[in-house]
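Undergrad: With chain P held as given, fit chain D onto it using these hints.
Protein chains: 2
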Amino acid sequence: MTSHRDAKIVETWATNAAAWISAVRNRQIESRAQVTDAAIVDVVLSRSPSTVLDLGCGEGWLARKLSSFGCEVIGTDTVSAFVDTARSAGAGAFYQLSYDDIVAGKLAVTADAVVINFALFGHESSEQLIRAIPALLNARGVLVVQTLHPLVACGHRPYRDGWREGSWTGFSAEFRDPAPWYFRTLESWINLFTTAGFTLLEMREPVYPMTQQPASVIFVAGVMR
Amino acid sequence: MTSHRDAKIVETWATNAAAWISAVRNRQIESRAQVTDAAIVDVVLSRSPSTVLDLGCGEGWLARKLSSFGCEVIGTDTVSAFVDTARSAGAGAFYQLSYDDIVAGKLAVTADAVVINFALFGHESSEQLIRAIPALLNARGVLVVQTLHPLVACGHRPYRDGWREGSWTGFSAEFRDPAPWYFRTLESWINLFTTAGFTLLEMREPVYPMTQQPASVIFVAGVMR
Chain P
1 MTSHRDAKIV
11 ETWATNAAAW
21 ISAVRNRQIE
31 SRAQVTDAAI
41 VDVVLSRSPS
51 TVLDLGCGEG
61 WLARKLSSFG
71 CEVIGTDTVS
81 AFVDTARSAG
91 AGAFYQLSYD
101 DIVAGKLAVT
111 ADAVVINFAL
121 FGHESSEQLI
131 RAIPALLNAR
141 GVLVVQTLHP
151 LVACGHRPYR
161 DGWREGSWTG
171 FSAEFRDPAP
181 WYFRTLESWI
191 NLFTTAGFTL
201 LEMREPVYPM
211 TQQPASVIFV
221 AGVMR
Chain D
226 MTSHRDAKIV
236 ETWATNAAAW
246 ISAVRNRQIE
256 SRAQVTDAAI
266 VDVVLSRSPS
276 TVLDLGCGEG
286 WLARKLSSFG
296 CEVIGTDTVS
306 AFVDTARSAG
316 AGAFYQLSYD
326 DIVAGKLAVT
336 ADAVVINFAL
346 FGHESSEQLI
356 RAIPALLNAR
366 GVLVVQTLHP
376 LVACGHRPYR
386 DGWREGSWTG
396 FSAEFRDPAP
406 WYFRTLESWI
416 NLFTTAGFTL
426 LEMREPVYPM
436 TQQPASVIFV
446 AGVMR
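Protein chains in written order, with the working numbering: chain P, 1 to 225; chain D, 226 to 450.
Isolated chain P, as found in the complex:
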């Protein structure tokens, strides 16, 4: 179901899982420490969900954080090293599931919120997953997606959808073999949600405190029923 490049993204996370766990736990990623971690927590909590699915949960920091505020959280990741590490830390139920597994209906639960925090870097894999999410949401449930802000990530390259070369610039020397990632304009992100049956409820653009430039974009979408 997924292309070669979509599959390469998963491979790269498996390759770099140990380095990633260390970087996240030591808060070495500046954008996360300064802006985006707090931003995603704020947005999710603003919707007061009792139950949350954290898809592409990595080592589980967000699931633990939301649990500490009283949410019942299920985290999924396709990389076993992440799931094992998340499970060891507790504060949530963690399952090893790929996006293909979720699209195939193997996550047979519903929640008040589905959150995907910097975990939609593929092309077909992301589109298939988004289309599968309405089935995972309760009646007034919301999808919350945080990702790179397209206008900032675009740089001077053409502002249009397409695969971009990956890079670990800014990360430690331990990181290797970056995967390509699929760039989407804001127009395309919003179109992806609406064609999957969502309506955009809110969009946030968290900024860096010093430069006041956007660090990310967060979409909050509800299902049109």
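Bear in mind the hints are in silico, worked out from the structure with no lab data behind them. Please read these numbers as outputs of a predicted model, since none were measured by experiment. Hints are supplied without guarantee of correctness; some may be wrong.
[To be verified] According to the in silico footprint, chain P covers these stretches of chain D (three or more CB under 8 Å from chain P): (1) 383 to 394; (2) 409 to 420; (3) 426 to 433.
[What the hints assert, rightly or not] Sample of chain D residues facing chain P (criterion: CB under 8 Å; computed from the structure): (4) L376; (5) Q437; (6) Q438; (7) P439.
Here a beta-carbon is modelled for each residue, glycine too, at the ideal position from N, C-alpha and C.
TA: Same frame as chain P, now just chain D:
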């Protein structure tokens, strides 16, 4: 109802009406000639409206263009020189009405589409107008707004709402006394629509053919009923 700076915007259009009419009719504004004129026409026509309200219509080019595709168009502008010029060219009904007039209910019609093309540069005046638009729309009617793309217009200044100094850079020497304009982030634009009872149906980011960088943003919103 409007602030000093909101009022200044109207004054500036009155001051520069003749220069503006000449610039538009001679297609001297590169962004319009290359990208944004065609983009707004495409978006409006994609919704197949029979009736259109063009608010802040200026000298009427958009009303005439939409009329040529069979739409019945009413244009309004607060600047009498624009309304007179639009009326002389025909192909639509044109009324001199300020946004305050419209907010006060003096435009007692409804349409399939309300279009506001680069005519929301104020703060309170824009917010009051957007909140008044649901009453101007038929049951499945849409609001179409084209404006400066915030990420591009922002430059290196802080990405947050606020008044910005105006400029006629790139326009002929005839233009004078630029008005300040109110900068809004994308988050704020979308929030403005949703708090006024709209749901965002679509967002487009037309790009320049050569640079492939966004020339504007177009929001299409429907009323939640």
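Undergrad: Let's test the interface hint: is any C-beta of chain P closer than 8 Å to that of Q438 (chain D)?
TA: holds (6 Å)
Undergrad: Going by Cβ atoms only, is L376 (chain D) closer than 8 Å to chain P?
TA: holds (4 Å)
Undergrad: Between the region 383 to 394 of chain D and chain P, are there enough contacts, at least three residues with CB-CB distance under 8 Å, for the coverage claim to hold?
TA: Coverage by chain P holds here, the residue count being 3 at a Cβ distance below 8 Å.
Undergrad: Let me know if the C-beta of Q437 (chain D) comes in closer than 8 Å to any C-beta of chain P, holds or violated.
TA: This interface hint holds because 3 Å falls under the 8 Å limit.
Undergrad: Given P439 (chain D) was flagged as interface, is its beta-carbon under 8 Å from a beta-carbon of chain P?
TA: With Cβ-Cβ at 6 Å, under 8 Å, it holds.
Undergrad: Please count how many residues of the region 409 to 420 of chain D have a CB within 8 Å of a CB from chain P and say whether that reaches 3.
TA: It holds: at least three residues are needed, and the region 409 to 420 of chain D offers 6 whose Cβ sits within less than 8 Å of chain P.
Undergrad: Please check whether the region 426 to 433 of chain D has three or more residues whose CB lies within less than 8 Å of a CB on chain P.
TA: holds (count 6)
Of the numbered hints given earlier, the model fails none.
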